[in-house]
Amino acid sequence: DSGVTQTPKHLITATGQRVTLRCSPRSGDLSVYWYQQSLDQGLQFLIQYYNGEERAKGNILERFSAQQFPDLHSELNLSSLELGDSALYFCASSPQLGTEAFFGQGTRLTVV
Amino acid sequence: DQQVKQNSPSLSVQEGRISILNCDYTNSMFDYFLWYKKYPAEGPTFLISISSIKDKNEDGRFTVFLNKSAKHLSLHIVPSQPGDSAVYFCAARLYGGATNKLIFGTGTLLAVQP
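From first to last, the protein sequence lines stand for chains L and P.
Residues in the first sequence are numbered consecutively from 25, following my numbering.
Residues in the second sequence are numbered consecutively from 1374, following my numbering.
Extracted from the complex, chain P is given alone in its bound form (with noise of 0.2 Å):
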């Protein structure tokens, strides 16, 4: 049962343009997502999060938006920029008090075209 789901498996840019990088998830007790950054041979990297108390989460050119009656999150890059090709992960995590999960998606990934 795939909890986190990222339906494309890639995606092109131009640089300069804005990418948009999509989420759906199933479980309605998530109450924390992340995003998460991957170049090939290196660990995920941390990018930003939003809280399911939130509906918007904006740090420079990266912004998050969540809308829970559709379960939809969505990460935003503006503007694109080369360095930004890397596969993207979706995450989100299980509260339950004395146990915690991040759950990841599968992963879309991203190439920024010069």
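Next comes chain L alone, as it looks inside the complex (with noise of 0.2 Å):
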């Protein structure tokens, strides 16, 4: 076990609908990651905050936003969803910037 703790585990929804998926980082850490893994891609970095500050972006899509709140915690907010956004989002934390990352076990988005 991580520490990192993903909701929901699985979600299937239908195009054109938005979802919102939750990350609790470990006790502790100050930084959330958010990436994206696609079938047979590797992960794909979507963005970065650092103590509720965005830090860092990658390729995500301007219909996906995110934010880290107070407590620390991060949303990943995807919407106008589309057949490829099908895929593992998983996020993870580190104590500061650019350390190790610890994963949670990922959410895994179905759009039908």
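Just to be clear, a hint being listed does not mean it is correct.
[Claimed, not checked] FRET-style restraints, in silico, Cβ to Cβ: (1) ASN101/L with GLU1388/P: 39 to 49 Å; (2) ILE1426/P with LEU63/L: 34 to 44 Å; (3) GLY1433/P with GLY76/L: 35 to 45 Å.
Hints listed in this document are in silico derivations from the structure and should not be mistaken for laboratory results.
By construction, the Cβ of each residue, glycine as well, lies at the ideal position given by its N, Cα and C atoms.
Dock chain one against chain two, each of which comes alone in its own frame, and use the hints as you go.
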């Protein structure tokens, strides 16, 4: 158990809908990362927050947004969903910028 | 632009032998490299890392080698065990002061045959 909690574990939704994925980092970790893993793809970096502030952006679509709250949990919002958004979404946390990141078990999103 | 590449999608090794997983990178600004292991239906688990100022780091059965001139790193597992069967991801840290990213390769599926 990495200490990073992601909910829900599975999500099935229709195209055009909006969903919110939730992540609780390890106790004391200030940095939260979001990654997307599509079929046969590596882990694509989406976005990073550190202590509530956005610090780095990767290949995150404009339809996607994220935030980190004062209690350090983070949410990834995916809107106007398309079939191609079906993927595993991982959250990771680390105690400071750029050190080893500890991953949650992921949320499997299926868009039908 | 895939800055971290794992060109072998899969590798099969006999139990007790050495497993060598390879990773190439293109960005000379990476300052830290990590290996993660991932079982199905689980998140990636940190395995071992190496700073760009070193060329070798060892932890039990796992050793990571870094060749900066070739922009290449490898993970050696000796001896390989069936429980090592998993997907292995290579990752590199792009340090930018206030911003840091971990960039991952596409992974190599290791199968250790009993």
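Comparing the hints with the structure gives:
The hint said 39 to 49 Å for the Cβ distance between ASN101/L and GLU1388/P, and at roughly 45 Å that hint holds. ILE1426/P and LEU63/L have their C-beta atoms about 37 Å apart, which keeps the hinted 34 to 44 Å range intact. In this structure the hint that GLY1433/P and GLY76/L lie 35 to 45 Å apart at CB holds, the actual value being about 38 Å.
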